[in-house]
Amino acid sequence: MERLTGPAADAVDPAAPVDPAAFREVLGAFASGITVVAAVADDGRPAGLACQSFASLSLDPPLVLLCVGKGSSSWPKVRAAGRFGVSILAEEQRAVCEALGRRGEDKFADVDWELSAHGAVRVSGALATVDCALEEVHEAGDHYLVTARVLELSARDGGSPLLYYRSDYATGAFG
Numbered sequence: 196m197e198r199l200t201g202p203a204a205d206a207v208d209p210a211a212p213v214d215p216a217a218f219r220e221v222l223g224a225f226a227s228g229i230t231v232v233a234a235v236a237d238d239g240r241p242a243g244l245a246c247q248s249f250a251s252l253s254l255d256p257p258l259v260l261l262c263v264g265k266g267s268s269s270w271p272k273v274r275a276a277g278r279f280g281v282s283i284l285a286e287e288q289r290a291v292c293e294a295l296g297r298r299g300e301d302k303f304a305d306v307d308w309e310l311s312a313h314g315a316v317r318v319s320g321a322l323a324t325v326d327c328a329l330e331e332v333h334e335a336g337d338h339y340l341v342t343a344r345v346l347e348l349s350a351r352d353g354g355s356p357l358l359y360y361r362s363d364y365a366t367g368a369f370g
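Take any residue in the sequence shown, note its place counting from 1, add 195, and you have its number in my numbering.
Accuracy of the hints is not assured; some may be wrong.
[Stated by the list, open to error] Below, computed lysine to any residue pairings styled on SDA-like, alpha-carbon distance capped at 20 angstroms: (1) Lys265 / Glu331; (2) Lys265 / Gly299; (3) Lys265 / Glu300; (4) Lys265 / Gly336; (5) Lys265 / Ala290; (6) Lys265 / Ala276; (7) Lys265 / Tyr339; (8) Lys265 / Leu348; (9) Lys265 / Arg298; (10) Lys265 / Arg219; (11) Lys265 / Ala335; (12) Lys265 / Glu334; (13) Lys265 / Ala275; (14) Lys265 / Ser248; (15) Lys265 / Gln247; (16) Lys265 / Glu330; (17) Lys265 / Gly296; (18) Lys265 / Val332; (19) Lys265 / Ser311; (20) Lys265 / Glu286; (21) Lys265 / His313; (22) Lys265 / Phe218; (23) Lys265 / Phe249; (24) Lys265 / Gly277; (25) Lys265 / Asp255; (26) Lys265 / Asp337; (27) Lys265 / Thr342; (28) Lys265 / Gly320; (29) Lys265 / Arg278; (30) Lys265 / Leu329.
Keep in mind that the hints were calculated from the coordinates and are not lab data.
Take these sequences, add in the hints, and give me the full structure.
Okay, here's the thing in structure tokens:
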């Protein structure tokens, strides 16, 4: 990784603390979409998590990236599967986000989903789905930075995304 050098680097004190509350408040001003990252676990049941840190990374090859908290109990199951789906949630899917954002074993009890040809779990009614194959996982602070190869894409016509903004849900009138 390339490090900052020169006068700008000299002006930065890497040991200076950043207030966590200020960090959340300032970065909360950036609205993000909400996704569900899910796979079929070793026991044959779906495992997944709500994830707001998701983005396209590369067109050639087609790659996406996501960030997952190290404390996630679902991520080890998704990681072990090697293939997973990313479902971009629609504004009417707040309950899905809440179900996948909680702790517990049966997060999918009230969530409609389907299995793709690639073995990825797709949430029914999502704005879009991306089937992925795990590429790399890197430690990054209290999260894992995950890169994945895109295997298949689909999107439905119409609808608006479920957003996360200033520590709360928001919707965007994009339809």
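Quiz item: Which of the numbered hints are not met once you compare them with the structure shown?
Solution: Structure breaks hints 5, 8, 19, 20, 21, 25 and 28.
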